[in-house]
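Engineer: Sequence:
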Amino acid sequence: MQEAISKSEIEQLVRSIVQQSLQIAVEEFVRRNDQRAKELSLIERVIRVEEELKALREIEAARFEAMEKRFEALQREMHTRFEALQREMNARFEAADKRFEALQREMNARFESLEKRLGFTQWLIGIGFTAVMAMIGIFRYLK
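With numbering that gives the first Met the number 0, you'll find the sequence shown wraps up at 142, consecutive numbering, no jumps.
Bear in mind the hints are in silico, worked out from the structure with no lab data behind them. Note that the Cβ used here is the ideal one computed from N, Cα and C, for glycine as well. Hints are supplied without guarantee of correctness; some may be wrong.
[Said to hold, decoys possible] Distance ranges between label pairs, derived from CB positions: (1) SER112 with GLU87: 51 to 61 Å; (2) GLU43 with ALA83: 53 to 63 Å; (3) SER112 with MET132: 28 to 38 Å.
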């Protein structure tokens, strides 16, 4: 009976040792795999974040290029508008110059005609004054 007890005790002892070592091995395996799973999860998250950052950089680069194209188009449009405004202002200045020159010629013509009339009037007054003085002189001399 001692052998049977000892066998059963040995079996129980072996079972308990095996169970403990299995339990420890399983716990160690689970802990390692848990750490690996966490590490893999972190690595996966880092990879996702890097991919999203790369996508954001590409989006920002595309937006920047689009804004640059819009700015260049706006500059071209402003340049064409400025040139059109410049041409319009030059045309207006030329028209104003032509009107001013025409007005100047018209004023010169008026002044010349006024000068002719005043010259005629001046001669007429001079001749009239001379005639009156001559008459006065003749009437005084005859008396």
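Engineer: Quick one: which hint numbers does this structure break? Sort them smallest to largest.
Structural biologist: 1
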